[in-house]
Amino acid sequence: MNVQRISDGLFVLQNAVLELTPPARDQSFGVGSVHQAQNDMFPHVRWGAGDDEPNFINKLIEKNNQVRGQLEALRDIIYGTGIGFFKRTITEGKVSLEPWFDEQVEDWAYETDLNDYIVTSINQMTHTANRFTRWVWDIQKAWYRLDVSDGFMTRVGRPGPSGIFEYHVNPYFGERGLYRPNDTQRLPMMQPHNHEANIARLVTMRQSKVKIPGNPYYSYPAWWCARSWIELANLIPIFHYNGIKNGYNIKYLIRMPMDYFDVEGKKQLDEKAVKGKWKDFSEKLNSWMAGEKQVNKTMLIKYLRGGDGKMMDNVDVVPLKNEMSDSAYSQVWEMANISIANSMGILPTLAGVNPGKGNDSGSQIRVMAEFQQANRTAIVRNAILEDVRHCLVAMGKRDIIPMFKDVSLTTLDAAPTGKAAVVNHGSV
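Take the sequence shown: its letters are residues 27 to 454, numbered as in the working numbering.
One should not assume that every hint holds.
[Said to hold, decoys possible] When the alpha-carbon atoms are kept at most 25 Å apart in a straight line, the in silico SDA-like pairs for lysine to any residue are as follows: (1) K431 - F397; (2) K431 - G378; (3) K305 - D285; (4) K113 - V145; (5) K423 - G110; (6) K167 - Y136; (7) K431 - L123; (8) K235 - L295; (9) K431 - P125; (10) K235 - P197; (11) K85 - F68; (12) K347 - G269; (13) K237 - C251; (14) K237 - K167; (15) K237 - N401; (16) K431 - F112; (17) K431 - I405; (18) K235 - N408; (19) K113 - A99; (20) K89 - E360.
Since the hints were made in silico from the structure, they are not lab data. Bear in mind the structure is a predicted one, so any value in this text is a computation, not a measurement.
Sequences and hints are given; from them, build the entire structure.
Written out as structure tokens, the structure is:
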């Protein structure tokens, strides 16, 4: 058979064209196997085996009182006091940034609601480590409007021989039984170095992420790897809630003769009557000894004596010792919360999960906050500002640099609010 190669993955056979595409699969939080990826009928790359990874994670954190607050803390650390526009200057061999005002840039930031775009971008990056941006070319203004497409309803289109070429938007991604391919909007991939192609299409989409080995399609935040700790932390409040209502663990061992209800007076009861008495007694016993209203109550049991003066067979209630103390449960809860904070890259004191354990004086918190902003935000900030830089270049403002402004904690005599905005000059 004569086979002619047109390009990588594209061949012409006799009376046919053969297109080979690689299996669209991420190693982590992707489909289970290469075979499943190769035989997947979806026109997009699944995000998780059920194409619902963001949905699944969201169900976990809505039951947790720590994760949401820590994500907001991480968002605030990244945001600082917002972004500003600067110009790079070099004085005596030292690079610094000077605030810069440009009327067109200010109009663009205001009319496109740039600040909302930045905050939404941070939320997407901290929650899923992926941001999908819809680029809309404004013909009259000659600039791009940037809109974030929620990761819950956005997917990477199945790649062709040359790689990814489009993105899919569907409100029912991850919703089993509701997703229909015909409801999907397909947007071509934005080409960052081909401005003319982008404006010709008017609307394109670009994905921003920190590339992780083994995951060519979707990135993931480090805290997703703390899923087991989140699930454990979610169980502890439920355990305590049920424990308070019903008593922690098994509190009593109750022993009774098997034939206790077989005889009533001198009358032998049938099987149905015996079962009825056991059921009635069990229900009353439960109401006497279980529930939050029964704490520290006393049970009185009457018994008969035999001819020898000893107690005859009766109900025997034996209290059981609970080897698991309240402090042990508290330690599990504390360890889970610290583990979640560590997985997010937030120092425990800043995350609010290590109160009263030292490192929480004003000066120590200030040092930790400045360390966190200076050393743990550069990569994600760069990914977030990447699209803003491309917009400025498209407007002919190549010399203007967008930067996040950090918060510097000060004393009240130096600044009435106790804080001041600064820029990390070492990042330019």
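Structure-based check of each hint:
1. K431 - F397: 14 Å, holds
2. K431 - G378: 23 Å, holds
3. K305 - D285: 14 Å, holds
4. K113 - V145: 23 Å, holds
5. K423 - G110: 14 Å, holds
6. K167 - Y136: Given that 25 Å is the threshold and the Cα spacing comes to 13 Å, the pair holds.
7. K431 - L123: OK: K431 and L123 at ~11 Å, within 25 Å.
8. K235 - L295: 75 Å, violated
9. K431 - P125: Roughly 11 Å between the alpha carbons, so the hint for K431 and P125 holds.
10. K235 - P197: 21 Å, holds
11. K85 - F68: Holds, at about 24 Å.
12. K347 - G269: 15 Å, holds
13. K237 - C251: Holds, because 16 Å separates the two Cα atoms, which is no more than 25 Å.
14. K237 - K167: The given pair, whose Cα atoms are some 33 Å apart, is violated under the 25 Å limit.
15. K237 - N401: At roughly 19 Å apart (the allowed maximum being 25 Å), N401 and K237 satisfy the hint.
16. K431 - F112: 11 Å, holds
17. K431 - I405: 15 Å, holds
18. K235 - N408: 10 Å, holds
19. K113 - A99: 29 Å, violated
20. K89 - E360: 17 Å, holds
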